[in-house]
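2 protein chains.
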Amino acid sequence: MKQRLFAPGPTMVPEDVVQAVGRAPMHHRSQEFKELYREVIANLAYVYQTEGHPMLFNASGTGAMESCVANLFRRGDRVAVVVAGWFGRRWRDIAKAYGLEPVCYELPDTDGTDPDDFGKWLDRQGKVRGVLLTHCETSTGAFHDVHAVVQRIQDKDALVVVDAITSLGVHEVKTDAWGLDAVVCGSQKALMCPPGVSSVSLSRKAWKAVETSDLPKYYFDYKANFASAEEKSQPRFTVATSIVAGLAVSLRLIREEGLEQVIARHVRLGESTRAGVGALGLRLFSKSPCNAVTALLPPDGIEAEKIRAVLLKEHGIRVAGGQGNLQGRIFRIGHLGYYDRGDVLTVLGALEATLRTLGYPVKSGSSVHAAQEAWGS
Amino acid sequence: MKQRLFAPGPTMVPEDVVQAVGRAPMHHRSQEFKELYREVIANLAYVYQTEGHPMLFNASGTGAMESCVANLFRRGDRVAVVVAGWFGRRWRDIAKAYGLEPVCYELPDTDGTDPDDFGKWLDRQGKVRGVLLTHCETSTGAFHDVHAVVQRIQDKDALVVVDAITSLGVHEVKTDAWGLDAVVCGSQKALMCPPGVSSVSLSRKAWKAVETSDLPKYYFDYKANFASAEEKSQPRFTVATSIVAGLAVSLRLIREEGLEQVIARHVRLGESTRAGVGALGLRLFSKSPCNAVTALLPPDGIEAEKIRAVLLKEHGIRVAGGQGNLQGRIFRIGHLGYYDRGDVLTVLGALEATLRTLGYPVKSGSSVHAAQEAWGS
Numbered sequence: 351m352k353q354r355l356f357a358p359g360p361t362m363v364p365e366d367v368v369q370a371v372g373r374a375p376m377h378h379r380s381q382e383f384k385e386l387y388r389e390v391i392a393n394l395a396y397v398y399q400t401e402g403h404p405m406l407f408n409a410s411g412t413g414a415m416e417s418c419v420a421n422l423f424r425r426g427d428r429v430a431v432v433v434a435g436w437f438g439r440r441w442r443d444i445a446k447a448y449g450l451e452p453v454c455y456e457l458p459d460t461d462g463t464d465p466d467d468f469g470k471w472l473d474r475q476g477k478v479r480g481v482l483l484t485h486c487e488t489s490t491g492a493f494h495d496v497h498a499v500v501q502r503i504q505d506k507d508a509l510v511v512v513d514a515i516t517s518l519g520v521h522e523v524k525t526d527a528w529g530l531d532a533v534v535c536g537s538q539k540a541l542m543c544p545p546g547v548s549s550v551s552l553s554r555k556a557w558k559a560v561e562t563s564d565l566p567k568y569y570f571d572y573k574a575n576f577a578s579a580e581e582k583s584q585p586r587f588t589v590a591t592s593i594v595a596g597l598a599v600s601l602r603l604i605r606e607e608g609l610e611q612v613i614a615r616h617v618r619l620g621e622s623t624r625a626g627v628g629a630l631g632l633r634l635f636s637k638s639p640c641n642a643v644t645a646l647l648p649p650d651g652i653e654a655e656k657i658r659a660v661l662l663k664e665h666g667i668r669v670a671g672g673q674g675n676l677q678g679r680i681f682r683i684g685h686l687g688y689y690d691r692g693d694v695l696t697v698l699g700a701l702e703a704t705l706r707t708l709g710y711p712v713k714s715g716s717s718v719h720a721a722q723e724a725w726g727s
Numbered sequence: 351m352k353q354r355l356f357a358p359g360p361t362m363v364p365e366d367v368v369q370a371v372g373r374a375p376m377h378h379r380s381q382e383f384k385e386l387y388r389e390v391i392a393n394l395a396y397v398y399q400t401e402g403h404p405m406l407f408n409a410s411g412t413g414a415m416e417s418c419v420a421n422l423f424r425r426g427d428r429v430a431v432v433v434a435g436w437f438g439r440r441w442r443d444i445a446k447a448y449g450l451e452p453v454c455y456e457l458p459d460t461d462g463t464d465p466d467d468f469g470k471w472l473d474r475q476g477k478v479r480g481v482l483l484t485h486c487e488t489s490t491g492a493f494h495d496v497h498a499v500v501q502r503i504q505d506k507d508a509l510v511v512v513d514a515i516t517s518l519g520v521h522e523v524k525t526d527a528w529g530l531d532a533v534v535c536g537s538q539k540a541l542m543c544p545p546g547v548s549s550v551s552l553s554r555k556a557w558k559a560v561e562t563s564d565l566p567k568y569y570f571d572y573k574a575n576f577a578s579a580e581e582k583s584q585p586r587f588t589v590a591t592s593i594v595a596g597l598a599v600s601l602r603l604i605r606e607e608g609l610e611q612v613i614a615r616h617v618r619l620g621e622s623t624r625a626g627v628g629a630l631g632l633r634l635f636s637k638s639p640c641n642a643v644t645a646l647l648p649p650d651g652i653e654a655e656k657i658r659a660v661l662l663k664e665h666g667i668r669v670a671g672g673q674g675n676l677q678g679r680i681f682r683i684g685h686l687g688y689y690d691r692g693d694v695l696t697v698l699g700a701l702e703a704t705l706r707t708l709g710y711p712v713k714s715g716s717s718v719h720a721a722q723e724a725w726g727s
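Same order as they appear, the protein sequences are chains A and B. Just so we're on the same page, this note's numbering is the position in the first sequence counted from 1, plus 350. Just so we're on the same page, this note's numbering is the position in the second sequence counted from 1, plus 350.
Source of the hints: derived by calculation from the structure; they are not laboratory data. In this text the structure is predicted, and so the values were computed from the model without any measurement. Accuracy of the hints is not assured; some may be wrong.
Note: identical chains are not told apart, hence a pair may lie in one copy or across any two.
[Unchecked claim] Once the Cα atoms are required to be at most 25 Å apart in a straight line, the calculated DSS-like pairs of lysine-lysine come out as:
1. Lys656 with Lys573
2. Lys573 with Lys637
3. Lys573 with Lys446
4. Lys558 with Lys573
5. Lys352 with Lys384
6. Lys558 with Lys446
7. Lys582 with Lys663
8. Lys713 with Lys524
9. Lys582 with Lys656
10. Lys558 with Lys352
11. Lys656 with Lys384
12. Lys384 with Lys470
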C-alpha cells in the first residue's frame with residue numbers, strides 16, 4: 351500500500367531531497383560542502399526574512415530552543431512564557447532547567463493568544479528579560495499571532511524568542527521587520543527535509559545579550575558556532591552532512607516557488623482542510639487554527655486512536671495523535687511543507703472512508719467537495 | 351574521477367547504508383521506527399560490549415561528550431583530564447564551560463599515555479570526581495591504553511569517562527569488563543554511517559552520579575532520554591531517522607562480520623598502512639599509533655597541505671590535515687570503518703605517485719609491496 355505521512359513533522363519530502371540525502375556522505379570540511387553550507391545559510395535567511403545569518407545545529411528543534419535559553423540569558427532572569435500546549439510548556443521547562451524564573455501566561459489548550467490581554471498581563475509582571483513564544487503550537491494546532499503580540503510588548507529591552515519550528519515556511523515570519531530577537535526552526539517541518547538539523551536566527555540585540563550570558567554551554571555556544579560559520583563557512587563540529595545536502599535542495603525548491611507563493615499555498619492547505627473536515631461535521635480542537643496542522647476532535651463515540659489506526663492500516667496514512675494530556679483526545683492532520691491540493695483530497699477521502707468504517711454517518715464526497723471548492727481553481 | 355574518503359570521519363560507508371539513509375523518511379513515532387530503534391540500541395550494546403543500554407542523541411560526538419559533563423558532575427567538581435591533543439583539550443574546555451575544575455595531565459601531542467606515570471601523577475592530585483580520557487586521539491593518531499590507565503586509578507569513586515568516538519569498532523572497548531562509566535561514540539566513524547547521531551553508554555555508578563548532578567541540561571538530560579528509550583522504545587525528541595536507519599544497517603554488518611573480526615581487520619589496516627608509509631621513509635607523528643588513523647609528518651621540504659591537495663586533485667582521495675596547532679604540520683590517513691586491504695593499497699599507491707609528483711624520491715611499488723606483506727594472506 352502507498353504510504354503517506356500527514357504528521358506535523360517529520361513530513362513528506364520531495365524525491366529530489368530524498369535523493370540528495372541518499373548520496374555518499376560528503377566530508378564536512380570539503381570545498382563542496384562549504385559551498386553547500388553557505389548556500390543553505392543564505393537560503394535560510396531568505397525564509398527567515400532576515401539580513402542576519404541563521405546558525406545551523408546538528409540537533410532537533412528542542413536543542414535549538416535550549417540554545418536560546420543557554421546563550422541569551424543569565425541565571426535567575428525572569429522570562430515571560432506563553433503556555434498554551436506541549437511546546438509552550440517546553441519553553442517553560444527549559445527555562446526552569448537553566449535556573450531562569452519563568453512567569454507563565456497560561457491559556458487553555460484550545461486558545462490562541464489574545465494580544466491585548468497578553469499585553470495587559472505582561473505590563474503587570476514588571477521587568478522581564480525575555481518573552482518566549484510559540485508561533486504555531488503544534489500540539490493543539492493553534493496559531494498565535496506573534497506579530498500582534500510583539501507589538502504589545504512595551505519593554506523594548508526584553509528579548510523576543512520565538513519557536514517557529516512549525517510556522518517558518520507556513521505562516522509569515524518577518525524576523526527583522528517584526529523585531530524578533532531569536533527564531534528557531536527545524537529541518538523536518540515546512541522546510542521539506544528529513545529530521546536532523548535545526549536553525550536559529552539572532553538579532554543584533556540578541557547578540558549583545560550573548561555577551562553577558564553566564565549559563566554553561568559548549569556544543570550550542572553561539573559565538574563559537576557563528577565564528578566558524580562566518581569565518582570558515584563551516585560548521586563548528588561534524589554535522590549531519592546528508593541532511594544538510596537535503597536541506598540545500600529543499601530550500602532551493604522553496605526559493606523557486608517563492609516564499610509568498612509557499613505561504614499562500616499553506617493558506618489554501620489550511621482552509622481547504624478545515625472546509626473538508628467541517629463538511630463532515632468534525633470540530634476543530636483549536637479556536638485559532640494554524641495552517642500547518644489541523645487538530646480535530648473525534649466525533650462522539652469514536653476514539654481518536656481508532657481513527658488513526660484505520661487511516662494507517664486501511665489507507666497507509668499516518669496522522670498524529672494528541673501529546674501529553676491530549677493523548678487519545680484529538681488527532682492531527684499535518685499539511686506543512688511538500689503538500690498540495692491532491693494531498694488534501696487524498697487525506698480527506700481516506701478520512702471519509704475511515705469514519706464510515708467506524709460507523710459515523712458520512713455523506714460520501716462531501717468533504718472532498720468542500721475542500722475542492724475552498725481551494726479554488 | 352572516483353572519489354574516496356580517507357578522513358578519520360566522516361568515513362566511506364557501505365552502499366546498503368547509503369541506500370537506507372536515502373529512503374523516504376520514517377516517522378519517529380511509528381512502529382517500524384520503534385523496532386529499528388530497539389535494534390540499534392541492542393546492536394550498539396554489542397559493539398560497546400555492555401549489558402547496559404546505550405543512549406542515542408541527535409548531535410555530533412561533541413554533544414555527547416558535553417552530555418557526560420552536564421549529567422555526571424556538579425559545579426566545582428575536580429576532574430582529571432588527559433590532554434594530548436585537540437580532543438583531550440575539548441574535554442578540558444567542556445569541563446571548564448560547566449564550571450568544573452579540570453586538572454590536566456598534559457602530554458606532548460606525539461605521545462600516548464604511560465599508565466604508570468599517569469597513575470603516579472593522579473595519586474598526587476588528591477580527590478577527583480572523574481577522569482576524562484581519549485581512547486584514540488584522532489588529531490594526533492595516538493592510541494591511549496585506556497584499559498591500562500583505568501587499572502592505575504586507585505580511587506574507585508572517580509568516574510571514568512571515555513571519548514571512544516574514533517576507537518569503538520576499531521580497538522577493543524570492553525565497557526563493562528574494564529569498568530568504564532561513560533563511553534561516547536559517533537555514527538560517522540568506525541560505525542560506518544554518515545554523521546548525525548552519537549551515543550553514550552553508562553555504568554550503574556554513572557547512573558548514581560546522574561542523581562546528584564546539579565548542572566543545567568534539558569536536551570541531553572540522561573534520565574528523561576533513557577526513560578523514553580526504555581519505556582517507549584522511542585527517542586525523546588525527533589531524531590535524524592534517516593541516519594538511524596543507516597546505522598541500523600551498518601550495525602547489522604558489524605554483527606555479521608563479528609566484532610572480533612572487525613577489530614582484527616583494523617589491526618591489519620593500521621599495521622599495513624604503517625608498513626607502507628614506513629617503506630617510503632615517512633615518519634609517523636605519534637609514538638603510539640592507533641589503528642583508526644595514521645598521522646604522518648611530510649618529508650622535509652614538502653608541505654603537508656601540498657600532499658593533501660595533490661591527493662585530492664589528481665587521485666580523488668581526501669585525507670585530513672592537522673587540527674589547531676598541527677595545521678599544516680601533518681596529514682592524516684583515516685582507515686576506520688568500511689575499509690579493507692584494497693583501500694590501503696589504493697591510498698598508498700596514490701601517495702607514492704603524489705610524493706613523486708612533488709619531487710620526493712620514491713621507489714615505485716615499495717609501499718604497496720610492504721603493505722601487502724604486512725597484511726598477509
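Verification of the supplied hints:
no., hint, verdict
1, Lys656 with Lys573, "neither (48 Å within a copy, 32 Å between copies)"
2, Lys573 with Lys637, "neither (40 Å within a copy, 36 Å between copies)"
3, Lys573 with Lys446, "both (23 Å within a copy, 16 Å between copies)"
4, Lys558 with Lys573, "within (11 Å within a copy, 34 Å between copies)"
5, Lys352 with Lys384, "between (37 Å within a copy, 20 Å between copies)"
6, Lys558 with Lys446, "both (22 Å within a copy, 23 Å between copies)"
7, Lys582 with Lys663, "between (49 Å within a copy, 21 Å between copies)"
8, Lys713 with Lys524, "neither (42 Å within a copy, 64 Å between copies)"
9, Lys582 with Lys656, "between (52 Å within a copy, 20 Å between copies)"
10, Lys558 with Lys352, "neither (51 Å within a copy, 47 Å between copies)"
11, Lys656 with Lys384, "between (48 Å within a copy, 20 Å between copies)"
12, Lys384 with Lys470, "neither (47 Å within a copy, 46 Å between copies)"
Checked against the numbered hints listed earlier, the structure breaks hints 1, 2, 8, 10, 12; every other hint is satisfied.
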